[in-house]
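Chain A is already provided as a structure; the job is to place chain B on it using the hints.
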Amino acid sequence: MHPRDLLNEAMAGLLARPARSALTTLGTVLGITTLVVTLGVAATAGNQIVGRFDELTATSVTVEVPENPFPLVDWADVSQVTRLRGVVSAAALAESEQSANLSVRSNDIVDPTRITDQTLTVVASSPSLPAAVKGRMVEGRYFDAGHVARGDKVVVLGQHAAKMLGITRLERAPAVFIGTQAYTVIGVLGDLKREKSLASAVLLPPAIGKRYGLSIVTRVLVNTGLGAAELIAEQAPAALSPGNEALLQVISPPSPTRARDAVEGDVNALFLILGLVSLVVGAVGIANVTLVTVMERIAEIGLRRALGAARRHVAAQFLLESTLTGLTGGIIGASVGIVVIVAVCAAKQWTPVLDVRLAVMAPAAGAVVGLLAGLYPALRAARMEPVDALR
Amino acid sequence: MPEPVILLDDLTKEFPTDPPVRALSVINLRVEKSGYVAIVGPSGSGKSTLLNMLGLLDRPTSGSYRLDGIETTTLKEGARTKVRGSRIGFVFQSFHLLPHRSVLENVMLAEVYGAGPRTGRRKRAMRALERVRLSHRMDFLPGRMSGGERQRAAIARALMGEPSLLLCDEPTGNLDSKNTDAVLDLFDELRAQGMTIVVITHENEVSDRAGRRVRITDGILAEE
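Each protein sequence line maps, in turn, to chains A and B. Using UniProt numbering, read the first sequence as starting at 1 and increasing by one per residue. Using UniProt numbering, read the second sequence as starting at 1 and increasing by one per residue.
What the hints contain is simulated information worked out from the structure, not anything from laboratory work. A virtual CB, placed ideally from N, CA and C, is assigned to each residue, including glycine. Be aware that one or more of the hints could be misleading.
Rough simulated footprint, nothing fancy, chain A against chain B, three-plus residues with beta-carbon under 8 angstroms [to be verified]:
| hint | segment |
| --- | --- |
| 1 | 53 to 61 |
| 2 | 77 to 87 |
| 3 | 105 to 117 |
Every beta carbon over 12 angstroms from chain B, so not counted as near; a handful from chain A, in silico [unchecked claim]:
| hint | residue |
| --- | --- |
| 4 | Leu15 |
| 5 | Met164 |
| 6 | Ala182 |
| 7 | Leu371 |
Which residues of chain A face chain B? A few of them, derived with a C-beta cut under 10 angstroms, are [claimed, not checked]:
| hint | residue |
| --- | --- |
| 8 | Met1 |
| 9 | Asp5 |
| 10 | Ala16 |
| 11 | Arg20 |
| 12 | Thr218 |
| 13 | Arg219 |
| 14 | Ala299 |
| 15 | Leu303 |
| 16 | Glu385 |
| 17 | Pro386 |
| 18 | Val387 |
| 19 | Leu390 |
Extracted from the complex, chain A is given alone in its bound form (with noise of 0.2 angstroms):
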């Protein structure tokens, strides 16, 4: 038999009934369909992900230092950090309980009739902190390594505090009271793209913070240049604090190929599943219709036999119909697939992220539904005896 006789059959077969063959392909066409929905969907959605980790997130490495017997980072020990290849900045941190909510008031004088202070956080911290934090003096300078050095009294301000206190210019060297003593501003941070909070907080240089329980670095801000965290996350610890790093916590940003992943793991087990379900639903269907078709075409086989068809010759036309019926599914459904991402991309302003392997393998994949589906009815029909099919 000529492999073009085998298929005008079998597409002949197909358009003798085509009402019935249009809702047998739709099962596959839904199976299909939600299938590269999925992978498609998956793979946009995993991009968006990635594309939302701005350079800040991706940056931003954290080591945390936990309580110790003996300090486990000394505040030099940031300058060790900050040599590591691949750093932008680097500054210590020092918080307490005992800090975290301080009377802080702007003068001195106690008014019992009115709220002349404000329970504010107090904060100790390096001097290169406000690189640290990615923030900008919006007023006067941020003490340095002299004012560290010969202990002066002075502090920052978070740009929030600043406001609360009613401390707007610095011009007259304005003075803030952590209890009863007295500091001088000589500085407003604000415009903070990292650890906002501070802005709300009091910061003290080192010498001054251990009045306050701050003498111990709680916390390690260090900021890397794109695709350097991964590394510097490994490296930091052992720099700030040689032989303890193990003791030490480093938190740093997912990796974005793996969160990227992760989410196309995520979405797609959940609906490849579905997917699936629906493709054996699907395969259910083409094989019921293919069996109900066998049954009814006895008198056809017996016919096709009787003219000198073989076995394998009725075996293969039932497999090819519902092959076709699998394949015409798999294209059908692959075009509303690809059509379904565009239209959900284009309402959520998304970049469509298609793999073009998709529009040759979900036709496959329906193909091959098809022609599992139809391996049990071709047999059933193969094997009919000519004589029985022609009674």
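The following block gives chain B in isolation, referenced to the frame of chain A:
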């Protein structure tokens, strides 16, 4: 002496039911080329079983069946199918035309499973339709034609590939007298052209037109 087209030698067929049924009992039959034989008999006599044997649609329990000199009882299934497709043309009472295919396509179907060339198939089908004077209906669907025309289309299909034997099972069973005459006239013409025809019928009008009539009763064949 040329080989006969059909040579049955002590052919028997038993169905393995409980108890076993012997449908054909030691059948001997010889049909020469251009022979026109009518097999008659009452219902259940074994006519259809004999036709199935002659058409290689079923296997005998014992005995020999030589078709065109080929011993068919020992052939494997594939070879039997090839012999059936190339040497036997079937005409059924219910026509067995594919309803969604045109008359021409139905006729061409006879060559789909053969080893012959695809080229020229359409011409050969049109010639077969001309032989049964139905070429003007080649694009018609079977449903739009009369019973007689449908049977002539089925005969055209049976003639495709120039078979040695035309096996007809109650070919006029669904036809009125006018169409019956037309089909029988066609058989006469085909026989005159050298076709060997075996017709199974219970109609005297059909068997009377055959040159030879054999009767089968309870699986036993006898010349009349």
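Mind listing which of the numbered hints don't hold for this structure, in increasing order?
4, 11, 12, 13
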